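Asker: Can you build the whole structure from these sequences, using the hints too?
Respectively, the protein sequence lines represent chains A, B and C.
Read the first sequence against the working numbering and you will find it ends at 522, with the numbers running on by one and no gaps.
Read the second sequence against the working numbering and you will find it ends at 702, with the numbers running on by one and no gaps.
Read the third sequence against the working numbering and you will find it ends at 811, with the numbers running on by one and no gaps.
Hints in this document: simulated from the structure, not taken from any laboratory.
Computed from a predicted model, the values in this text were never measured in an experiment.
Even glycine gets a Cβ: it sits at the ideal position worked out from N, Cα and C.
Careful: at least some of the hints might be erroneous.
[Stated by the list, open to error] Some chain B residues near chain A, calculated using beta-carbon distances under 7 Å:
{"#": "1", "residue": "671"}
{"#": "2", "residue": "672"}
{"#": "3", "residue": "674"}
{"#": "4", "residue": "675"}
{"#": "5", "residue": "678"}
{"#": "6", "residue": "679"}
{"#": "7", "residue": "680"}
{"#": "8", "residue": "682"}
{"#": "9", "residue": "686"}
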Amino acid sequence: MNGLFTILDAPAAPAIGWDDLGGILPVLVLLATGSLALVLDLFLKEEASPPVPAGKWPLSFVSLLGTAVAGALLCGHIGAAGKPWSGFLGAVQVDLFSDAIGLIVVLGAAFCLLGAGDALRRRGIEQGEFHALVLYAAASMVLFVQSASLVMVFLSLEALSMAVYILTAFQRDEKRAVEGGLKYFVLGGLSSGFLLLGLAFIYGATRSTNLTDIAGALAGGQPPADSSLLVAGLGLTLIGLAFKVGAFPFHAWVPDAYEGAMSVVTGFMAVAVKAASFGVLLRVAVLFGGAGASGPGSPEARGALLAGISGLAVVTMIFGNLAALAQSSAKRMLAYSAIAHTGYLLVGAVSAMEARPGGEQAAGAGLLFYLFPYALMSLGAFICLSHLGEGAEDRESIDSLRGLAERHPAHALALLVIMVSFAGIPPTAGFWGKLFIFREAIATGHWELALVGILTSIVSVYYYLRLVVAMYMLPQEGGLPAPSLEARIGGKLALAIAAIAVVLVGLFPGIFFQISAACALR
Amino acid sequence: MTFSDGAFWVFAATAVLPAAGILLSRSIVRMAFLLLVSLAGFAGLYLQLGAGFLGFTQVLVYIGGILILFLFGLMLTARFDVHVRRRVGAGVIVPGVIAGLSLLGVLVFLALESPWSTEAGAAAAAAGAGDTFQIGLKVLGPYVLPFEAVTVLLLVAMVGATYIGRAQMPGTPAEGERKE
Amino acid sequence: MIPHLSLSFCLYVSAALFAIGVYGVLSRQNLIVILMSLELMLNAVNLSTIAFGRAFLPASPPDPSGPQVFVVMVLAVAAAEAAVGLSILLAVFRKWRTTHAGRIDMLKG
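Answerer: This is the structure:
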């Protein structure tokens with residue numbers, strides 16, 4: 001190991017070397033690109049009038065290049081099926097699971113940046129800060145999933161949260177954006193407090209800040225120093241993470257932040273924040289509550305986590321779907337549907353905690369598989385709303401989408417594919433995702449979760465198809481101006497990729513499921 | 523760092539009572555100063571617990587930095603809303619209740635079965651466990667990546683706060699706001 | 703040496719302060735007070751972290767100055783949170799001319 005930092009006077013002090021930096025290379029690429037975008041912005045001319053067709057295209061180009069490189073690195077690592085690697089003296093653990101989640105995060109960032117060019121230009125706020133913050137947030141999210149110590153979990157979560165608060169309020173002259181950012185900030189700060197207290201309790205109960213050490217001690221049958229404290233700590237940690245993924249009853253910020261933010265940012269939040277938080281949630285759940293080969297060291301912790309996560313899953317599925325029924329704004333409807341999908345993902349987390357019947361220890365394959373089409377659908381839907389917008393407004397209400405099929409048939413078709421997939425109608429990607437999640441749940445004995453999931457999915461068909469009906473069957477209302485979309489290449493590209501990928505995953509689910517199973521937590 | 527029991531009680535009271543006072547006070551400026559006293563109490567507690575470096579950092583960062591930031595925020599904005607009402611929103615009671623209940627549970631359990639004694643701790647503390655030198659080694663050792671994560675966090679906060687905060691000064695209303 | 707300095711007692715102090723912070727965040731309407739309450743919550747947790755670290759010393763100190771390092775980093779987080787919070791507060795004030803959360807209710811919530 002080539003010593004970057006060798007500690008003087010400390011004999012046998014382990015050194016941190018280039019290997020460690022190489023291990024987190026995707027993170028470094030994202031950080032460097034973000035800073036580059038920030039500096040690049042200084043050299044780009046401010047155009048006089050907002051609707052300049054090309055705008056500051058180098059910003060988008062450079063930041064997209066950064067996400068492409070980071071994504072390629074993560075793909076390469078998955079392709080090479082590398083062994084789990086722990087670096088920075090145990091601060092991070094890089095494995096295929098973190099790579100897969102990282103890939104979804106980077107995908108979210110790339111789509112957000114693709115659509116952001118014209119969304120920002122229309123509003124006259126095309127600033128390097130946006131690109132930088134998206135990339136910093138993505139970097140923090142990848143670090144968050146890779147965290148192997150409680151310290152890293154908290155710090156990277158805070159870094160990503162700060163970036164996302166700002167992105168929510170990025171349209172700083174718009175009341176709704178500022179209000180959404182404010183609510184997100186206050187409730188996010190509250191949840192960070194709970195999470196931090198939970199982490200402190202876990203540290204108090206296990207006397208270690210390193211998740212790998214804790215897992216080793218528990219798996220070795222060594223009970224924690226104080227298991228009631230451990231249960232309380234895990235409970236508080238779960239509350240903190242439930243806030244971040246927007247599970248009921250910790251969802252209060254979701255509709256407002258999702259509605260207030262620009263649609264491209266909403267897509268990024270719905271996908272990247274959720275994927276990263278679920279990555280950590282799953283890691284913590286499997287670590288402390290999993291029925292692994294060696295068995296949990298603390299049965300109380302396992303019981304509490306199972307009960308907590310399944311309870312959250314049930315109420316979140318029911319609440320999210322019912323609340324989505326009542327919405328008249330497509331964006332708010334999608335926000336509540338994002339809550340509902342959090343519920344389905346929580347079902348995946350529950351079955352990940354159970355032992356595999358076949359002796360296979362891969363946990364969370366269903367959840368990982370679900371995340372991928374969910375990411376594509378959410379990104380596609382929110383980017384479509386942004387893409388059809390005009391000026392500072394995105395196309396948000398369901399009524400404003402009436403007659404879309406006549407005026408923009410391609411957009412309507414893409415949105416149709418996405419909505420059908422959201423609803424889980426076979427043979428779309430969303431259908432396979434739900435199928436795998438519910439099949440896992442039944443196989444691990446949680447048939448009641450699968451039942452609630454299936455029933456609420458049937459309810460969800462109604463509100464997703466309402467959007468389709470508006471687009472295809474209702475006449476256009478009033479004289480809403482049809483924006484000319486010729487110049488908006490980025491959003492068009494993103495929407496096309498999302499819709500085609502949703503179809504592809506729907507046609508060939510086997511390949512993607514195999515990849516998810518290979519990347520699952522071990 | 524060995525003070526007497528009395529000092530510990532005094533610091534604990536200094537931390538808790540002003541914090542409770544914040545809830546009862548109706549003037550924001552008074553609240554800010556109560557927070558100052560409370561944070562100073564925390565610093566004292568850290569010193570008592572053998573975390574000397576942290577105690578002084580607390581004074582520098584919190585009292586010297588964050589609180590000043592708060593006072594700036596206060597002076598920039600609080601011209602109209604100096605008095606504060608109290609109201610619990612219905613939608614946010616649930617997390618509060620859950621947190622309160624779990625805290626209560628932990629407290630009860632801890633009070634019943636606290637397995638730790640801290641008597642020998644002082645000796646270890648005196649041996650330099652909480653030394654600034656040790657902290658320095660940690661920051662460049664196992665905590666080097668967390669340290670870098672903090673730098674990313676601060677960078678994000680800096681970029682974001684300057685962006686959000688810089689549009690117009692509070693004195694000049696934004697477009698469309700003049701009629702209010 | 704300091705017999706009353708038991709872990710439980712520190713945790714009581716910490717829990718009281720955390721509860722005050724949570725109550726403040728949930729019940730107060732003024733955004734600056736909400737920010738102060740968030741800071742109180744973080745401080746309360748810091749106190750428990752340090753108390754835990756201290757309580758482990760007699761047994762086998764796995765990481766003697768670790769808690770202090772962690773808490774110093776949490777201080778940095780608190781500073782960042784204050785900065786971001788106050789910038790959002792300024793943006794709110796620009797738009798509404800108030801820092802009173804109850805009057806900021808465009809979204810349905």
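Asker: Each hint should be assessed against the structure and marked as holding or not.
Answerer: Now for the hints, and whether the structure bears them out:
1. With a cut of 7 Å, the hint placing residue 671 (chain B) at the interface with chain A holds, because the nearest CB-to-CB distance is about 4 Å.
2. For residue 672 (chain B), the shortest C-beta to C-beta distance to chain A is roughly 6 Å, which falls under 7 Å, so the interface hint holds.
3. Nearest Cβ of chain A to the Cβ of residue 674 (chain B): about 5 Å, under the 7 Å cut. The hint holds.
4. Evaluation of the residue 675 (chain B) hint against chain A yields a held restraint, the C-beta minimum of about 4 Å falling below 7 Å.
5. A distance limit of 7 Å between C-beta atoms decides the matter here; for residue 678 (chain B) the minimum to chain A is near 5 Å, and the interface restraint holds.
6. Of the supplied interface hints, the one on residue 679 (chain B) holds, with its beta-carbon coming within about 5 Å of a beta-carbon of chain A, less than 7 Å.
7. Given the 7 Å rule on beta carbons, the hint for residue 680 (chain B) is violated: about 10 Å separates it from the nearest Cβ of chain A.
8. Against a cut-off of 7 Å between C-beta atoms, the interface hint on residue 682 (chain B) holds, since the closest Cβ of chain A lies about 3 Å away.
9. Contact between residue 686 (chain B) and chain A, as hinted, is supported at the beta carbon level, the nearest pair being about 5 Å apart and thus within 7 Å.
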